[in-house]
Amino acid sequence: MAETSGVQAAVDIPADKAEILARPLEERDDIVVCENVHKWFDDFCAVRDVSMRVKRGEVVVIFGPSGSGKSTFIRMINRLEEHQQGRIVIDGIEMTNDVRNLDAIRREVGMVFQQFNLFPHITVLGNITLAPQRVRHLPRSEAEALAMRLLERVGIPEQAQKYPAELSGGQQQRVAIARALAMQPQIMLFDEPTSALDPEMIKEVLDAMRELAATGMTMLCVTHEMGFAREVADRMAFFDEGALVELGPPDQIFNNPQEDRTKLFLDQIL
Amino acid sequence: MTARAAPAPLPPATTVGVLGWLRKNLFSSRGNGVVTVLLAVLLAWVAVNLGIWVLVEADWTVIISRAPLYIVGLYPYEGYWRLCICLLLISVLLGMSWRAWPKAARRFAFGFGAVMLFVGVFPHEMAPDHRALLLLNLPFIGLGYVLTPRPAEAHPGRLEAMAGGAIATALGRVAIFSTPRRMVIAAFGALVLIMILILGIAGVPGLDPVNPQDLGGLMINLLLAFFGIVCSLPIGIGLALGRRSSLPILKVACVIFIEVIRGVPLITLLFMSRHILPLTFPEDLNIDRVYLAGITITIFSSAYMAENVRGGMAAVLRGQTEAAHALGLRGWQTTLLITLPQGLRNIIPAIVGQFISLFKDTSLVYFIGMLDLVEMGRVSVQGNQEFIDNGREVYLFIALVFWVFCFSMSFISRRIEGALGVGRR
Numbered sequence: 001m002a003e004t005s006g007v008q009a010a011v012d013i014p015a016d017k018a019e020i021l022a023r024p025l026e027e028r029d030d031i032v033v034c035e036n037v038h039k040w041f042d043d044f045c046a047v048r049d050v051s052m053r054v055k056r057g058e059v060v061v062i063f064g065p066s067g068s069g070k071s072t073f074i075r076m077i078n079r080l081e082e083h084q085q086g087r088i089v090i091d092g093i094e095m096t097n098d099v100r101n102l103d104a105i106r107r108e109v110g111m112v113f114q115q116f117n118l119f120p121h122i123t124v125l126g127n128i129t130l131a132p133q134r135v136r137h138l139p140r141s142e143a144e145a146l147a148m149r150l151l152e153r154v155g156i157p158e159q160a161q162k163y164p165a166e167l168s169g170g171q172q173q174r175v176a177i178a179r180a181l182a183m184q185p186q187i188m189l190f191d192e193p194t195s196a197l198d199p200e201m202i203k204e205v206l207d208a209m210r211e212l213a214a215t216g217m218t219m220l221c222v223t224h225e226m227g228f229a230r231e232v233a234d235r236m237a238f239f240d241e242g243a244l245v246e247l248g249p250p251d252q253i254f255n256n257p258q259e260d261r262t263k264l265f266l267d268q269i270l
Numbered sequence: 271m272t273a274r275a276a277p278a279p280l281p282p283a284t285t286v287g288v289l290g291w292l293r294k295n296l297f298s299s300r301g302n303g304v305v306t307v308l309l310a311v312l313l314a315w316v317a318v319n320l321g322i323w324v325l326v327e328a329d330w331t332v333i334i335s336r337a338p339l340y341i342v343g344l345y346p347y348e349g350y351w352r353l354c355i356c357l358l359l360i361s362v363l364l365g366m367s368w369r370a371w372p373k374a375a376r377r378f379a380f381g382f383g384a385v386m387l388f389v390g391v392f393p394h395e396m397a398p399d400h401r402a403l404l405l406l407n408l409p410f411i412g413l414g415y416v417l418t419p420r421p422a423e424a425h426p427g428r429l430e431a432m433a434g435g436a437i438a439t440a441l442g443r444v445a446i447f448s449t450p451r452r453m454v455i456a457a458f459g460a461l462v463l464i465m466i467l468i469l470g471i472a473g474v475p476g477l478d479p480v481n482p483q484d485l486g487g488l489m490i491n492l493l494l495a496f497f498g499i500v501c502s503l504p505i506g507i508g509l510a511l512g513r514r515s516s517l518p519i520l521k522v523a524c525v526i527f528i529e530v531i532r533g534v535p536l537i538t539l540l541f542m543s544r545h546i547l548p549l550t551f552p553e554d555l556n557i558d559r560v561y562l563a564g565i566t567i568t569i570f571s572s573a574y575m576a577e578n579v580r581g582g583m584a585a586v587l588r589g590q591t592e593a594a595h596a597l598g599l600r601g602w603q604t605t606l607l608i609t610l611p612q613g614l615r616n617i618i619p620a621i622v623g624q625f626i627s628l629f630k631d632t633s634l635v636y637f638i639g640m641l642d643l644v645e646m647g648r649v650s651v652q653g654n655q656e657f658i659d660n661g662r663e664v665y666l667f668i669a670l671v672f673w674v675f676c677f678s679m680s681f682i683s684r685r686i687e688g689a690l691g692v693g694r695r
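If you read the protein sequences in the order shown, they are chains B and Z. Count the first sequence with my numbering and you get residues 1 to 270, in order. Count the second sequence with my numbering and you get residues 271 to 695, in order.
With the rest of the complex left out, here is chain Z (with noise of 0.2 Å):
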């Protein structure tokens, strides 16, 4: 860098105040000034009607009376605690992120403790210990941030972190720290500690087996999902490699199960895993659908996540390769050292995305018989003489909480976008 002989000249104004941005961008002509006033009285009419109906017109006992239906379903009120705890690990994940990524996670943990302050605080009927319990979300998201070490100077260790965590950071759950591996170690730990926590331990006092069948609401389309893309994420990484193998039948097998997968409906293959497949199991083996369904889900999705890496790979450039060819790396170590990684890198979000389009499609496990979010609004209104009237209300709610959860991941995945720097080289 040279230094400079005068301060460089200033870019001209770019904004010419509320009034000057309405009239460039909404009444530049007379045709445009009416269709802006002719959609502004729309949309306020529009919004005029909803709010009220919201606001006055509409029911939501159906809602606040059956609140804990929806959120875990039918599982046992006892353990609702140990759902808070889980709830509390999580927290303290997100603070962990927050201090390791700030750009990413700041605003993802942010929100979501202020909806457990919320949830907390809210009117309605609630034990205090449970109360106490969601409260505590807020000193745990700061317990996290506290205990992870500052983030190095300059960067976290990407490489690491990619390897590992790089996924389950995208959906919020892991950080990528300044010792990566430890801290991805810590966050699938904790994940293993929520399974065990939600479906409990046979002779442990205090953590009795749930029955899998009672998990239910958007708790189970959650976990699903989540395991869903989880342990999609390794197996689709194992049928990318596959099908770039040489050897003619890996390549081939990879091939055929990844096309099947993707040419059927996810709704056939959770029928045929509910009612075909029992048929070849020994009849005295019983899988729960819980399990079944989440076994076909993740096989679903590996199926698209085998594209999604494979596309990934083909994106990272030629030049890579020769660079560790010639280094003397083997065709494997290339691939797991320098191509893999920087082709999770590129999709990532893709991987949100497809984390998304699976959560919605969770709610297809009602065709199984599963109380999912979706199911259980419906059984609500149907099921219920009292609520017969009250599935606008029930629907409008299902919808939003769809809505806050796939625009908080879209939010996140475009965050971890900007400070991953993906699409720059």
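If we strip away everything but chain B, and leave its shape as in the complex, we get (with noise of 0.2 Å):
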């Protein structure tokens, strides 16, 4: 198909978007926007005091060991989680107790999971299609269409009526990936989309992460595949007991940290 090669087949991007996608990065607006925000789990406090503002269009890579509250981060950003200190901004859109707010916020944030989640009591298609025809309240035909657009980007148009048990784990991750696209989201969250993948489904999955990223996605990823982040990533964040320790582009976090503890973990995993 000639539509194939952007998100614009798949994704529309309003103008007045598109034409902030046309600046850098230094002059676009702040998409998502964290203020000392804080989470506890009983007595444990799992992120601490973490500021944060990732521009429209930008894409963040956090790592960090296990337990460094960096997956707790992103899922507060869609409310996974709730924070219970700080400030949250989503697209202009704060987030409070208010169920509009959050409904609000919702729709603007998508989400990718280690485990897929995808539902197994419904087909492919049946995943990708469900959400816009509920929330959105798309007709069927058109979020079906919609569902097809997706897949054939992600590149497993042919699996739609299949169900999620009949496929491998990159290909439910890209209908994963497929199944957030279709709420048209402003902002991806990937939560170690990788890492439950055998190491020959990694690839396709990262591919289908880049083809995003060059679209101009705003994307927060928590992953450990440093090659994708050296390429892809605008600014990588290191995170360990909660806290937020460095902040960067690639180039000063895997040739210059500025914090001893980064260093001591990239020498570990590099």
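In case anyone wonders, no lab produced these hints; they're calculated from the structure. What you are looking at is a predicted structure, and each value in this text was computed from that prediction instead of being measured. Mixed in with the good hints, there may be bad ones.
Stated by the list, open to error - Lysine to any residue pairs mimicking SDA-like chemistry, simulated, CA-CA at most 20 Å apart:
#1 B:K203 <-> B:I93
#2 Z:K373 <-> B:K203
#3 Z:K373 <-> B:E166
#4 Z:K521 <-> Z:R532
#5 Z:K373 <-> Z:R685
Please assemble the complex out of the two chains, which come individually in their own frames, going by the hints.
Here it is, written out as structure tokens:
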């Protein structure tokens, strides 16, 4: 198909957003604003005093040792976890207990999980069309057309009628990406999207993410794929013990880390 | 998949013939050999004696001469054809199930047809038109098969089927079809028709109303169990959702209901429904004991159903609700579209188990004066001087009938489990 090349085929970027995306990163608006965010599990402080601003269209890779609060942090951005102190603003919408704000934010933010979390009782097509039909109230035919475009984009249109259990891990994760994109989010969260995959399937998922980044999607990715980070990330955030230890472009993180802990961790994994 | 360079080696042979199997499993040591021989002798002795008794000594007149009483109780003879039509409707539904879900329903449909064939040709007193109607079941199974569209190449639509018909399907009455919604509607329509045929409608020629108290025998066991389970499913789902609810009053009410009902034996509930509840009714309100029994059994069953449903939903992985929330689905949408369908799929075996247990429990309705299969057996023996010594025949027959039904149910349940891949994610 002629339109397989771009996100424009699948996700409509409004003109004003496109105009913003044409600017250099520094001149764009902040789509994610976190100020002094805290989160406790009982007495354990999982996220402490994290402040971060993410520009529209920016790709931020979040990494760090396990238990460092990186997953909890991105799960707070669509409120799978509630922040208990501080302030989170997503595309101008303040995260509060107001259900309307929450609904609006969840429409803005898509998420891809480590374990895919596809709905096993419905087909691939059904997985992708469910939320567009039920939340955005698209007619079925439109939702299905959208789903097929997205499946073509992630390279598996022929799997539409199958059930998730019949797909490989890599294919399932690509379906999960398509499912999140079907809500036409402004921001995509990736929570260790390749950690549950066999090595030969990691590439196909990373390719889909690469392609997505190239279209100007704002992405927050928790991942240990350092090759991907070096290539795609605009900035990298290193978390340790619940705190944001260092935030900077990949060049700084890899070649000239400012913090000892960052350096130590990179030495261990590279 | 990469191409294989050479064919994979075959697994080692697992069978070593009958003799090898015998030696390995039954005669692996001298002691085992002795035990095997002793048990074999014992079993043979029991089997031979039982066989001789069943074939030679037993007098089956008590069953054969009174067969309709065991099957349909005091149901009026003029209405037998209506019951035959009900069987034909069930045959059509079975045929549909067979086409749509061959793995689960084919053998059951065959078995049902075989039983009908047997009853139809068995030499005993039966009006030729009833005989003909029974024999028609075979072509009607075929009819149901032919009328049903071939299931979609890969799968029937499981979502709608789960929501509407999974439970009924587990009982072999409703099929999951390529157009599930329409087929589920057809099946429920057939059930309503069956009720109308059995009970009749006043004023319609040929459908004279039947006194509900005349329903009896196996029919009343099946009807009570089936409608108990069908009606208790929605109530049980409601109770389970209530128990999971965050509204304290609703939650407490559901917990109290469930725990009170589960803490009381069915027989006491039946007693209360018959002797205590009517005290609270207005005097001119007279609900037939059949309906009271049905309501009681439904209430009893829904408390257990609620706990099954709750367990099934609790087993749905947390990632499922997280994914649904992340997509922007509201709480109730998540429950109805994601958690509940998966939860129901998880508990199909449990629901069939509950049906089996409920089916056997329905024999307790003798307690409020109904002539179910077991009570009919007791009456046959104790109420007739000529059959006073035939208790063994009667109860063996009754046990066999219950076993055949319960075994068929659990057979279907295992098939459906396999077809649905319960336990596989």
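Hints, one by one, checked against the model:
1. For a cut-off of 20 Å, the pair hint linking K203 of chain B to I93 of chain B is broken: about 35 Å separates their Cα positions.
2. With a C-alpha separation of about 39 Å, the suggested pairing of K373 of chain Z with K203 of chain B is violated against the 20 Å cut-off.
3. Using a Cα cut-off of 20 Å, the hinted pair K373 of chain Z and E166 of chain B holds, with the two alpha carbons roughly 19 Å apart.
4. For a cut-off of 20 Å, the pair hint linking K521 of chain Z to R532 of chain Z stands: about 16 Å separates their Cα positions.
5. At most 20 Å may separate the alpha-carbon atoms for a hinted pair to count; K373 of chain Z and R685 of chain Z meet this at roughly 7 Å.
Hint check: violations occur at hints 1, 2; the rest are consistent with the structure.
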